[in-house]
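Using the sequences provided together with the hints, build the complete structure.
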Amino acid sequence: MISRVADHCFWMGRYVERAENAARVLSATHGLALDGELPAPQCWLPVLIVAGEHPAFTERFGASAAGEEEFVQDYMTWDEKNLSSLVCSVNAARENARSIRDLLSVEVWEAINEMYLWLQGEAAHADYVENRFGFYGKLRTHTELLLGLVRTTMLHDQALDFIGLGVLLERAGWTARVLDVHHHALIGQNLGDRAADTGLWLAILRACSGYEPFLRHARGQMSGLAVATFLLLEPKFPRSVRYCLEAAGERLCLICPPGSDELPGSRTRKRLQFLDQWLRHVKLSHTDPEALHQALTQVVDETAAVCNGLGEELLGQGPTSASATSGETAG
Amino acid sequence: MSDAASRPTPVELPPAARLFHGYRFLENTYDELLASDGVPRPAFRQAVEVLSRKSAEEVRRCQALVDRALLSRGVTFSVYSDNRGTEKIFPFDVLPRMVSAQDWGRIRAGLEQRVCALEMFLDDVYGDGRILAENRIPANVVLASSGYLPQVRGIRPHGGVRIHVAGIDLIRDSDGVWRVLEDNLRTPSGVSYVLENRVMAKRAFPAAFDRARVHPVDVYPARLGDALRSVSPAPDDPTVVLLTPGPYNSAFFEHSFLARTMGIDLVQASDLFVDSDRVWLKTTRGPAPVHVIYRRTDDAFLDPEVFRPDSTLGVRGLFRAWQKGNVALANAPGNGIADDKAIYPYVPEMIRFYLHQEPTLEQVPTYLCARDEDCAFVIDHLQQLVVKVVDEAGGYGMLMGPQSTAELRSEFRRRILADPRRYVAQPRMELSSCPTWDGERGCFAPRRVDLRPYIVSSRKGQWVLPGGLTRVALVEGSYVVNSSQGGGSKDTWVLKS
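Here the protein sequences come in this chain order: V and W.
For what it's worth, my numbering labels the leading residue of the first sequence as 1, then goes sequentially.
For what it's worth, my numbering labels the leading residue of the second sequence as 332, then goes sequentially.
Check before you lean on any hint, since a few could be wrong.
[Claimed, not checked] Only some residues are given here: those of chain W computed to face chain V with a beta carbon under 8 Å:
hint, residue
1, Pro578
2, Ser587
3, Arg591
4, Leu597
5, Ser601
6, Lys613
7, Thr615
[Said to hold, decoys possible] Computed beta-carbon distance windows for the label pairs:
hint, chain 1, residue 1, chain 2, residue 2, range
8, V, Thr58, W, Ser607, 31 to 41 Å
9, W, Ala631, V, Pro238, 30 to 40 Å
10, W, Arg639, V, Gly148, 40 to 50 Å
11, W, Ala631, V, Lys270, 41 to 51 Å
12, V, Glu114, W, Gly773, 29 to 39 Å
13, V, Lys270, W, Arg647, 29 to 39 Å
Because the hints were derived from the structure by calculation, they are not lab data.
From the three backbone atoms N, C-alpha and C, an ideal C-beta is built for every residue, glycine too.
Structural data, given as structure tokens:
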């Protein structure tokens, strides 16, 4: 597969997943803020941090703007200078898709086109104004449909593996950052107010679509530690960090099979598998509140390193130095 | 006069003509479908009989359905008006344009003959230069052309083919005679619309299509793929790729379409690199060798080492790899000399010189401003002539004399005198018309058309796609069929004998 094409697949997956995650976090935070248990900045500042937009936002609008609910949502939804905004993610996903249109199924191309046209059109703006939850929900319906069609209408070949890899690594990063921004509230320094604590934990779960799965899994036993353990380590929950890294590792094994160390991607594959193995031995407890933060820092840093490694080894962002003879055997 | 509407009462119109009742013929223009009495021409009677069972309302619905389908299928071309690349649909007229089996037989033979002679001309001017030495074509006209690439001199491409794909534009004059208007031998585009138009026309008029007995066109990608593989330097399992300038190119839809239907990789310049004069594709499994490149990038941007050094759409070293015969480029670099508008008047001479035959197809009388007496004539008759720049395409840089202002004519007079070599002029041809749906009036009206057939050349010879892109000037009274300037298209039905 052509490296640039793999790169478009990978980033299409990442941007679609990014849009979905941002919509989910915005929707959950909107719900949390409406309950009125927490001051506005405590609700909305974490959204900017999770999206990686805190420094840029503060520089453009000042620190106090993070407390303005509508302003943060506008920024995270419509701002074309904010590369994590819904509009930018959807545009970038479609631009990547356009370049590999010959590879996508007609259904996938139409779904991504429709999502793009919807968000550009008046209907989306009207929904945003009149029915904010409905707006975020519709965006998620678009991305979920799209990712479903990717699995059900496309060849299950390398293109799909790269799209999946992009989705899973993006998702692992989001879940990790959502947990990290609230790690104090989860283990250690609780707010002390049972309603506020529980409200926040529920919002965190909702931000990861983990509310009902968690309740079924924990049989209703709600605690910050249980929520953190679930979202970080639960192997059966498809948005937990552990699940995403393991599944991403499996995808990468299809792209670059173990035992063929001369193939590009094997260094990154080993790094990803190592991270996955390491995470399996992490234990969270009340007695060591910093362990969660340390584990998450490791996950966030290593996931970023894996993405860089993929770029260099497989996606054509490294130097082109391959000699013709080694190319012949590999090609 | 052939103005049906001005007649008293049309007596006993055959049923086939009812849908075209009140059709107002253009003056001094050959209508391809209807004879001057408003009755369909004999070759098309059967198909038109079925078509005319439709009411105007049904045709309107068909047209609306087709327009919607084109938008959702994303059959678009890009417009360079802003840097994000706006996409537009290529307007499509539902009523097909038909070509009789008899006409097509002659056209096909004429196109094969023409491409064969042009191929020999290219080999000659980049080789021994016999035709110039014998003064059948003035050497200075060839050597001064911007289409002549000195770097190509002495190179014979692998597989012996230079014009893998040709698009030869044809028109019909006021007597219905087919004439060659111009040759496109570099990267002719539009064939994807031929295939998409056929899908639409079959949906719109299945019964008429069945009755008409039309040659299929969807074999094109397979034939092109065969031709490209036939010139590969690696005969066993060659890797063929399509090189596109990228998604912002106006023809990106077509590039993606052809790659998809040929089952080959669509690549951009940054996906390729040259090492030891061989071309490699950067893949997720490391470099993979490439043998044939169907490139849709212009010569000037192909290789910054040889042509424009600022090109980011090119591959450094590609020209050397081609020169060494390690990769086939389709079409070959340097073809621009053969489709230069100043060379066009000499094509009949090429056919006589190389093939010892008389040209089968007529062409349009052309004045070369490079010749003093022609230039003087052109300057004096600008109002009657169409002036073209020799190395421009897409209908740009043209002067349509009869519709021009005095100001524009004096501007052209100045430009021609400053650089006569760059200009040719032709009498304005009364392009033939075809009935075309006029959505505003809700009836058929005559609109002018041309035809671009596609000729694919492999190691074994030429193959002509039975059909081609019919472009239609949708604007009333217009002669310009280019999509960039208000043109649309029709499906072209070449009828079986």
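Hints, one by one, checked against the model:
1. Pro578: Because about 5 Å separates W:Pro578 from the closest Cβ in chain V, which is inside the 8 Å limit, the hint holds.
2. Ser587: W:Ser587 check passes; min Cβ-Cβ to chain V is 5 Å, inside 8 Å.
3. Arg591: 4 Å, holds
4. Leu597: With Cβ-Cβ at 5 Å, under 8 Å, it holds.
5. Ser601: With a closest approach of 6 Å, the W:Ser601 hint holds.
6. Lys613: 4 Å, holds
7. Thr615: For W:Thr615, the interface hint holds, since the closest Cβ of chain V sits about 5 Å away, which is under 8 Å.
8. V:Thr58 / W:Ser607: 31 to 41 Å: 53 Å, violated
9. W:Ala631 / V:Pro238: 30 to 40 Å: With Cβ atoms ~51 Å apart, the hint is violated.
10. W:Arg639 / V:Gly148: 40 to 50 Å: Since W:Arg639 and V:Gly148 have Cβ atoms about 46 Å apart, the given range 40 to 50 Å holds.
11. W:Ala631 / V:Lys270: 41 to 51 Å: Between W:Ala631 and V:Lys270, where Cβ atoms are some 46 Å apart, the hint holds.
12. V:Glu114 / W:Gly773: 29 to 39 Å: Holds - the Cβ-Cβ distance for V:Glu114 and W:Gly773, about 32 Å, lies within 29 to 39 Å.
13. V:Lys270 / W:Arg647: 29 to 39 Å: 34 Å, holds
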